[in-house]
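K.L.:
Sequences listed follow chains A, B, C and D, in order.
The first sequence begins at 1 in my numbering and counts up one residue at a time.
The second sequence begins at 1 in my numbering and counts up one residue at a time.
The third sequence begins at 1 in my numbering and counts up one residue at a time.
The fourth sequence begins at 1 in my numbering and counts up one residue at a time.
FYI, nobody ran anything at the bench for these hints, they're computed from the structure.
Just to be clear, a hint being listed does not mean it is correct.
Dumping the calculated EDC-like pairs for lysine to aspartate or glutamate here, alpha-carbon to alpha-carbon at most 20 Å [stated by the list, open to error]:
no.	chain 1	residue 1	chain 2	residue 2
1	B	K273	A	D167
2	B	K271	A	D164
3	B	K350	A	D167
4	B	K357	A	D115
5	B	K59	C	E196
6	B	K59	B	E162
7	B	K174	A	D164
8	B	K351	A	E176
9	C	K197	C	E244
10	A	K209	C	E244
Computed from a prediction, not measured in an experiment: that's the story for all the values here.
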Amino acid sequence: MSIEKGKISSQQLLFLIAGFVHGSVLLIDFTVGITEHQTWMVILAGLVITVPVIVSYVALAKRFPGMNLVQINDMVYGRFLGKIISIYYIFFFMMTLSFNIRDVGELYITFLMQDTPFIFLLIVFTATCAFAVAKGVEVLARTSHLFVVTGLFAIISTFILLIDQMDFSNFLPLFELPFIKIFQGIHIVSVIPFGETVVFLMIMGCLNKTEHAVKNTLSGLLVGAVSLFIVAIRNTAVLGRTQTIWTSASFQSIRLINIGTVLTRMDFLIGIAQTILMFLKCSIFLYVTVVAISQLFGLKSYLPLVLPLAGIEVILAATVFQSPVDHATITQNAGIIYSVPLIFVFPPLSLLIAKIRGLPKPERGKGT
Amino acid sequence: MGKKMNFRIMKLIICFFMLPVLSGCLGARQINDLEIVIGMGVDKEEESGNVLLTAQVVKVDMSGGGAANARGGGGEDSEGYWNVSSKGKSIFEAVRQITHKTGNRLFISHNQAVIFGNDVATEGLQAYIDFFLRAHEMRPTALILVSEKKASEVLDAKPETEKYPAMNIAKLVKTYGFTSHFYEVNMEDFASCMMSDTMAPLAPLVSIVQENDCKEIYISGMAAFKNGKMVGTLNHDEARGVLWVLGKVKSGVIIVPSPNKQGEAILEIIKAKSKVKPGIKDGKIVMHIEIKNEVSLSEQTTTEKLATIEALEKIQEATSEVIRQEVMAAFEKSKDLKADIFGFGEMLHKKYSKEWKSIKDNWDEIYPTIELNIDIESKIIKTDLLKKPVSQNKEEK
Amino acid sequence: MKIIRYFSLRNKYMNQAEPDEKDSEPISPDLEKNLEVIKGILHESSDVTIHEFNFGPERKYKGALIFINSITDKEEIHKNILQPLMYDVLLLSNNMDMDFTDIDTIRMNLISMTDNLKVTMLNDLLDSLLAGAAILLINGSREALAIKSIKIKSRSIEEPGTEAVVRGPREGFVENINENIALIRRKIKDTDLCVEKFVIGEKSKTDVCIVYLKSVANPKVVEEIRTRLKRIKTESILESGYIEQFIDDNPYSVFPTVSNSEKPDKVTAKILEGRVAVLVDGTPFVLVVPMVFIESFQSVEDYYARPFFASVIRLIRFMSFIISTLGPAIYVALTVFHQELIPTRLLISIAEGRERVPFPAIMEAFLMLFAFDLLREAGVRLPKPVGQTVGIVGAIVLGEASVQAGLISPIMVIVVSATAIASFAVPAQTDSGTLLRYLYLTLAGIAGGFGIILGLLATLMHLASLRSFGTPYLWPVVPLDLTGLKDVFIRMPIWTISKRPSAITRHDSDPYKQSPDLMPSPYKNDSDDSR
Amino acid sequence: MIYLLLIYACIFIINVPGLVKRKEWRELAVFSIFYVIAFALGLMYVLDKPIPSPMKGLQHLIVDILGIEYPQG
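Please construct the entire structure, taking both the sequences and the accompanying hints into account.
P.N.:
Below you can see the structure in the form of C-alpha cells.
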C-alpha cells in the first residue's frame, strides 16, 4: 500500500529524468576546476559508468511494481536492516536537496541579485517547491516536458550564439592531466548529475505501464547527458584556459555573448532557465524525501510532512556551508564518497538478493 | 481525498504568498540612486603609491521630461558626464571612496572601457586587473586600453560627435576593422593571455593629440605586456603584422609601389585569412604561416595602365612583399621585446605537449631562435570603377 | 459566535427534507369554494383575471377561467377557449347530451389548443397558472384544465455586444430559452442532439436546459452536470453566472473552468466537439462545459479566416496575454533589481525620465494600473457614448498630465498603456489577467526577476492541477496530446484537423469527424487539355 | 524573529486543524516531531546560534578518520 496514488506514464518518466539531469547544467563546474579542458571526456566516461547502474534501478523497480524504495528495502533486507538503509538514503536525499537549494541561492547571490539576504531567497524558492510537491507527482510529471524544452532551448541557443567566439584548438593537449584528476572528475560526474537518479527508485513505483520503462529511462538520461556534453564543449571552446579561474564557467561564457548591441546581456535569461530547471530538480528531491520519511513512519498521506520538511531544508541549506568555496571543496571530496554505496552498491545488491530469495513472494509481502 | 486536498492546498497557497510580503523589498535599488559609470581610468599616484581611480559617471540632467529635450539641455551648461576620481590602496577601496563624493554606490555594469595609465602598466597589471574580473557587476566584454600618459586625461578629452568620452573611446576601438592597425581586446581575452605563462598579451594604446586648443584621442598602436608588465609598444605597421598572423585583419589600406616605380597603387584589403602550423624539425622550431587575402585596387597615383594581367600580378607580388615586411617587422619587434605576442608558445603547447615540457622553462631564449616561413597569396579581385587612369601618358596609349 | 451560527444554519439547511407541499389539498367540486381559495392565495394581485361564465345547452353549466393577463396571449384565450365554450357548443346539435361537468369531454371536443394538461392538486394549478397557463375550472368537476398560452415579447436577434466579429454569422442568443434552443437546432439538424430540461430555484423556477450530442459527448460529464444541477437548492437563478458558480470545479481558482458565449455558432462548434451547453432562461449567455485554458485564446473567427493569418493572429493573442500579465512586472523588475540588463542608452533615458518622480517604481506601477482599471470600469458602466469619451479623455489627460507633473515617468505610461491594450485582446481571460497582473507586480517589487519566476512556476503548477469536469485544464499542452496541438498555438488548415479533441469526446465514439484526406487540390481529369 | 513565528504559525494553521478533524493521530504525531525540529532549527538560525553542519562532520569522518581523500589540485 504505497502512499502515492498518482500514476505517471513512462513517457512522462523520460521527461522527468531528462529535466532532472538538466537541473545540474551549471554544476559541472565542479569538475571544470579539476578537469580543465577534458571535461567532455569525463562526462562521456561518467555516462558510460552509470548506464548499467541505472538499468539495475529500473530492473529493481520492475521487479517490485508499485512499491517505492523504502518498501523494497524493508522487503529485501528485513525490517531492521531495511530501516537503517532507508534512513541512510533519506540522509542522502536531504543533504543533496540542501545542496541544490543552496546552489540556487548561490546562483542569485553571486551573479544576479547581490544584496538580497540569502535566507529570503531560500525561503521563497523552497516554498514554491513545497507548493508544487503539495500538488502531487502527477502534476510535476505532466509539466516536465515543458521544463526539458526550456532547458534544451537555453542550451542550444547559447551554443549557437557563441559559435563565432569558439576556438576549438582549446581541446588540443588531449591527455594532459594526471589520471587521479580524471578519476575524480569521472567520480563527480557519475555521482552528481547521473548518480542522483537513484531518487527515481521512489518514483518508479507509480508507473502505470512498465513495459518500455528501460528504453525511456535511458533516453531521458541520454537527453540530459547530451545537454551536459554541449555545455562542456561550449565552455571549453569559448573560455579556453580561463575556464578554471571563474567560480562558474558556463555562466561566464554566457556573459561573453555579444552579438550586435541587442543580444548582449543573456546571463539573466539563462539564470531564469537555470532556476526553472533547478525548481524541477528540487521539487522532485523534496517530494522523494517527504514520501520516503512518511513511508518510513507508515503514514497514510505525505501531505502533512511537506511544510515542516521544507522548513528544515531551508535552515539546512543556509547553514550547511559558509561559502561557495566551502561548498565546492567538500562536495568534491566527502560529498561524493559518502554517496557511492547508495548509488553503486545497494540497488544492484538488493536486486541480486531479490533474485536469490525469489522475492517478491506474495504471502510474505508484509510491507508496511 | 479530493475535497480536503483542495482545501489544504488552498491554505498552502495563502501561506506561499504570505511569505514574501513579510520580508519587504530587499535588494531593490531605484534607478535614480544609481551612479551609472561608463568609463574608468586607473592611475598611480607618485608620492603615496596608492591607486588614483577616475570614473566617468553619467550626469542625468535635472530638466527631466523625456530624452528629447535632455540632449538640448545637455548642450549648453556642462557636458552630460562628470569625471569623479578618488584615491585608495586598492581599486575596490577607491571605488568605495568615491561614495564620499557621489552619495550612492558606483554602478559599473555599464562600464564600456577600462583605461590603465602608463605608470600602472609598466609597474604590472596583476595587482589591478583582479577586481575587474571578480566584480559581479563588471561585464567581461568591457574593453582594456593603455594610455600613453595618464588615464584621467584620456577621459577628459571631450569628443565632438559623441556625448560621452568613454562611449567615444569604445566606438574607436570597436571599429578597428577599417584600418586594422590594432584589435579590440576585452577583459576576458586579456585575462586568458595573462594566464598562460608564455603568451604576451596586447592592448590598444591611447594617446592624446593636442590640436588647436582641444585635445583629441588617437589610438597610436598597441602595448605589449610580459607577465603583466608593459615591456614596449608597437606602432601601426607592427601591430598590423601581428593581426596578419592572428588572422584578425578585417580591412585596411596597403600602399604598394607601382610596377614602373613612378608612384604607387593603393589597395583595399577585402578579406584576409591566416593559418599557423607549428613544426619542430631536428630540434629547430619552424612556424609555417600561410596568409591568404583578397584586395581591391582602390586608387593609383601612377599614370601607368594597371588593369592588365601582368601589372596586376606584379602588384600582387608587391602586396605580398609588403605584408611579409609587416609580419617580419612585428616579429623583430617581439624578439627585442622578448615577448611572444603571436602566441607561438601556446600553439606549440597544444601540438607538441611532450616536447613543450622541456621547452617551456627557457622559452625566452628559444623564442628568438624561431624561424618563420611565411607564404602569402594575395589576389586582386576588382579595380572598382576605373579601368584606365584618367591622365595616361602618351606613349603607353 | 458567527462560526457557530453558521454551522447550525448549515446543518438545519442540509437535513431539510424535500420542501413539503404548502397546501396540497385537492380541487373541490364546488367552483365558488375553489375561487375563494385561489383569490386568498393570489392576494387579489391586479394582473390576475378571473372570468366566470355560463355555458353549455340552456346555460346550465357554470365555469371559470383564471389567467395572468400580463404574460398570456389574450386573443388566443378568447378565440380558442371562451368562444368554443360559450358559442360553438350551441352550434352543435342540441340533442348531444354531453356531460359538461367532466373535464375530459371539454378537452376532447371543445378546446382547440394543444398544450394542455389536467390538474388535480391545487399547488400544481398555481404553478401552471404562474408559468403562463390559463386555468379552466368547471363547477362540479374535481379536475381543472391548464392550457399553456404564454406570450412574452422577447428581443429580436441582434449582433452580440461582447463578441463582435469581422467575418462570421452576426446572430446572437436572446433571453428566451426556446429561441436559443431553436438557434442551436437550426445549426445541428441531427437526431442525436438531446435537450434536457431542469427547473431550478424555489422562487424563480428558471428553466435550465442542457444540450449535447449523445453520440459524441462524454456520458460521465453529462452525468456530472445533472448531479451538480440537481444539487443546486437556491431561491432564484437570474443569470447563467449563478449556475456557473454553483457547478464550478475549483471554486478557489482564479481561472474560469466554465466558458460562456453569446454566439450560437461558437456554442454549436463546441457541442460538436463533444462539450455540453447549459442554456438558462432569461439570459443570452450560454455556458459550455468542460472548458480548457486554450479555449479562451481561440476566437470563432480563426476558423473562418485562412490558416496562415489565423495562426499569426493567435500567436499575437498569446503574446498579448503574456504582455498584459507580465508587462508592468518585468518593467519594475528590470528597473529596480536588474539594471545591468537594460542597454546603456536606454538606461540613461529611463534615468532621465525618472529623475523627478518621487515614488519608487513599484508604487508608480500600482498607481498607473489602478488608474487604468478605474478608467476601464468607468468606461463600461456609463451609457455607450459617454463611456467611450471617458475612456479616451481619461487616458490622454491622466497620462499626459501625470508625466508633466512629474508623478509618473514617461516609460511607465508606455508600459501601462501597452498592457491595457494587450489585456483587451483576450476577452475570456480579462478577469484572471488583471488579478495575475497585480500578483506578479507585487512579486516583482519584492524579489525582482526571481519573484516573477517563482510566481510563474506556481501558476503553472496550479494550472496543471486544475480539472474542468474531468478534462485537465491545460489539456493539449500539459498532458501533451500531439494531435490536439494542431489547433493550439497555430491553427493548422481545416482539412488537417480530422480528429475530435480526444480528452473531451466520449472514448468509445469514432474519433474522426471528417476523412483525413480532404486536401483541396485542383481537379486533374485525365482528359486535361492544358497544352 | 517575527517572520519565523509568523511562518511557523502559518504552517501550524495549515496542517493541524485538518489532521485533527480527520483524526489522523499518527500523522499528527510525526508532523509535530518534524515541526518541532524545524522550529528549533529556525530559532537557532535566527538567534545566530552555531548550527553544526552534518557535512562538516561527514568530511571529518571520511577525510580525517578513514583517510580517503583526493589530492587537492
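K.L.:
Look at each hint and say if it fits the structure.
P.N.:
Here is what the structure says about each hint:
1. B:K273 / A:D167: At roughly 15 Å apart (the allowed maximum being 20 Å), D167 of chain A and K273 of chain B satisfy the hint.
2. B:K271 / A:D164: Roughly 17 Å separates the two Cα atoms, so the pair holds.
3. B:K350 / A:D167: 12 Å, holds
4. B:K357 / A:D115: 46 Å, violated
5. B:K59 / C:E196: 74 Å, violated
6. B:K59 / B:E162: 15 Å, holds
7. B:K174 / A:D164: 16 Å, holds
8. B:K351 / A:E176: Holds - the C-alpha atoms of E176 of chain A and K351 of chain B are around 12 Å apart, at most 20 Å.
9. C:K197 / C:E244: 17 Å, holds
10. A:K209 / C:E244: Between K209 of chain A and E244 of chain C the Cα gap is close to 38 Å, so the pair fails against 20 Å, i.e. violated.
Checked against the numbered hints given earlier, this structure breaks hints 4, 5 and 10; the rest are met.
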